Amino acid sequence: MQELDGQLRDGVDIETVKTVKSVGEQYKYGFVTDIEMEFTPKGISEDIVRLISKKNDEPSWMTEWRLAAYRRWVKLEEPSWAMIDHPPINYQELYYYAKPDSMNTKPKSLDEVDPKLLETYQKLGIPLQEQMQLAEVEPDDTLEQNTMSKKVAVDAVFDSVSLGTTFRKSLAEAGVIFCSITEAIITYPDLVKKYLGSVVPTSDNYFATLNSAVFSAGSFVYIPKGVKCPMELSTYFRINAENTGQFERTLIIADEGSSVSYLEGCTAPMRDENQLHAAVVELVILEDAEIKYSTVQNWYPGDEDGKGGIYNFVTKRADCRGDRSKVMWTQVETGSAITWKYPSCILRGDNSQGEFYSIAITNNMQQADTGTKMIHLGKATKSRIVSKGISAGKAQNTYRGLVSIHPKSRDSRNFTQCDSLLIGDTCGAHTVPYIEVKNNSSRVEHEATTSKVDEDQLFYCRQRGVGEEEAVALVVNGFCKEVLQALPMEFAMEAQKLVAISLEGSVG
Amino acid sequence: MLAIKDLCVRLEDEKKEILKGVNLTIKPGEVHAVMGPNGSGKSTMSYVLSGKSGYEVTAGSVALKGTNILEMEPEQRAALGLFLAFQYPIEIPGVGNMTFLRTALNSQRKFRNESELNAAEFLKLVRDQAKLLNIDTEMLKRPVNVGFSGGEKKRNEILQMAMLEPSMCVLDETDSGLDVDAMKIVAKGVNGLRNRNRSFLVITHYQRLLNHIVPDVVHIMADGKIIRSGTAELALEVETNGYANFKEIA
Ligand SMILES: Nc1ncnc2c1ncn2[C@@H]1O[C@H](COP(=O)(O)OP(=O)(O)OP(=O)(O)O)[C@@H](O)[C@H]1O
Ligand SMILES: [Mg+2]
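Protein sequence lines, in the order shown, are assigned to chains A and G. Heads up, the first sequence is in my numbering, so the first residue is 1 and it goes up one at a time. Heads up, the second sequence is in my numbering, so the first residue is 1001 and it goes up one at a time.
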């Protein structure tokens, strides 16, 4: 284990750090949508679990599945090993289900959805119309590309319900299923029964078990054999209601020889109370299939004193079941007061591959404990980890990663690159790698660096006329380049801007 | 254009005095050369002009186009027309040269309330300028100065200068590390930018450069002061006799 704390070598940077302002002030998605909502009563119990199941019109096997998870959960204790610190969460003070009243009669299509809800997504810049999304892309040397048009299908999730998904027809023509998990439980029970909980069992961990009991909304994707999904799929999660947790569950199955690229985005209003988000994402990848899963997480981070913000406890796991299957996790984590998240890869199939690209930015009082687990079970499996952690303000940023190569996983390889960048001297960066190699034909490489934002680089930019904040954003984007390049192109630009926004106020 | 009066500067940390009363006035359209022994304070002067932190101005003033710039941020000075070609250009990993240039150019334009250049306009401009300086377009795609040879870095500085069209250009040993041909190209680039409204302060150790960029005035700096000023002849004197004679005078 290696601990690298943010120590200031010289006094140069103090000037840079002097005016650390609130990121909260700059959070662009902090508005509240004012609508009538229907809630389940506060707190959690068997009755609440039953009620949630009933509200989702679920069959009894699903209700039982939830109850089993709930009964297990009450016996569990919240994990404490992560490098995060927060007052105890009172699970009886939360709402576990919140649904806009207007969604009570299920809209047949997005056209019928309450305009107020649609407006919310418009404000967030998320296209719910089935039109070509025109991404006007500027000439960039490394992301060289021209203006391009790209279709993106969207599932819009508002608190506990999905408002609907776009491009259903063209996806159906390709045989692709893309709908909310709630709908899938009713319409595709066989697929759901077969795969739900098969990657992240209900017993997996405290938050995953809680999710199993109370989840609502989230996306379900099935890509049939040999199908290359004709467009990007994406889900936008919005937490709106007060004192409400969001517990979505996403399940993606890539059948043999298929491929899909999926993106999730998340935002929430600025509120003084912390809100809980405990999601589970399961990916099943069969022989020769490939899933690319990208996240741009921009939950409300709280204000500069650490008031408010989302507690983000998420379990994401990919099971590369088939030979030569491949998964790529890319995450840009800029929001949340607390991020606790380790998208993992189980490399079960021979020659399967897992990749994890991560940017985690923490500013002010934000805390992130994030990383990945690469479990090599099959022969000649490969994994690659590229993690870029950036801390500013009083934030703490921990990379926690496990690389485990089992005895039978011969000739396997892992490469890990883990870089931390510190802005100022009051933040911290920590690198906690766990490495286990149980055979002698496999190879693991681990590189880690910690550096401070370079004053000479900033001065160089500023001498050329670039303002100080923009200079920091430019340098940090450069630091993150490898990961930004791993994102689907349409989102790389968005992510670059987000990097700049989340660091606003980190220098002055 | 530029008026430096009795400028005294010391290091913030060590309190060591480096500039000890520099006086230098450059009129619009003029080219001034500054020569002087290693460690005499030439680069320090260029950093103080451009607003690098770590230096404390204890006395004197600096006016650019009549505006006192000592209280201004580096980016404000840049927008006002000050450009520094660094003696040691800085590497910025992951940031493409083109992105960097466009960001810089548009920041300055925004600062001056001018409209930003669109992608096509920018691309044309940068390609034309790169061609003049014999810079391969491949180099434009690489991260800023990363892995550039010494000479490539210097040419890249001149490219940035040509793109940003500053009115006061400070060149700190741009000729060091350039081969003969590259020096001619750089000199041609600089000469091409010379006009009635643009001034240059060229710091160099070699008279050779001044054969190509002919200065109006040559200054000798030693131990934090300008100790002699004269015509281009002065550079020839340095070339043959070194600085020994000047020091005695000082
Ligand atoms: N940050 C610093 N810390 C310590 N000493 C410094 C610093 N900056 C400058 N100096 C000292 O100030 C003096 C002037 O340095 P400067 O770089 O300005 O010289 P120069 O005239 O540009 O020399 P050269 O011709 O070698 O480039 C030198 O003695 C140098 O060591
Ligand atoms: Mg120098």
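Simulated from the structure, these hints should not be mistaken for lab results. Predicted, not measured: the structure shown is a model, and the values here were computed from it. One or more of the hints may lead you astray.
Claimed, not checked - Straight-line C-alpha distance at most 30 Å; calculated DSS-like pairs for lysine-lysine:
no.	chain 1	residue 1	chain 2	residue 2
1	G	Lys1015	A	Lys28
2	A	Lys225	A	Lys28
3	G	Lys1027	G	Lys1052
4	A	Lys108	A	Lys169
5	A	Lys481	G	Lys1015
6	G	Lys1141	A	Lys151
7	G	Lys1027	A	Lys452
Claimed, not checked - Going by beta-carbon spacing under 10 Å, a handful of chain A positions derived as facing chain G:
no.	residue
8	Gln457
9	Gly467
10	Phe479
11	Cys480
12	Glu494
Just so it is clear, CB atoms sit at the ideal spot from N, CA and C, and this is done for glycine as well.
May I ask which of the numbered hints given earlier this structure violates, with the numbers listed in increasing order? Hint check: 1, 2, 5, 7 and 12 fail, others pass.
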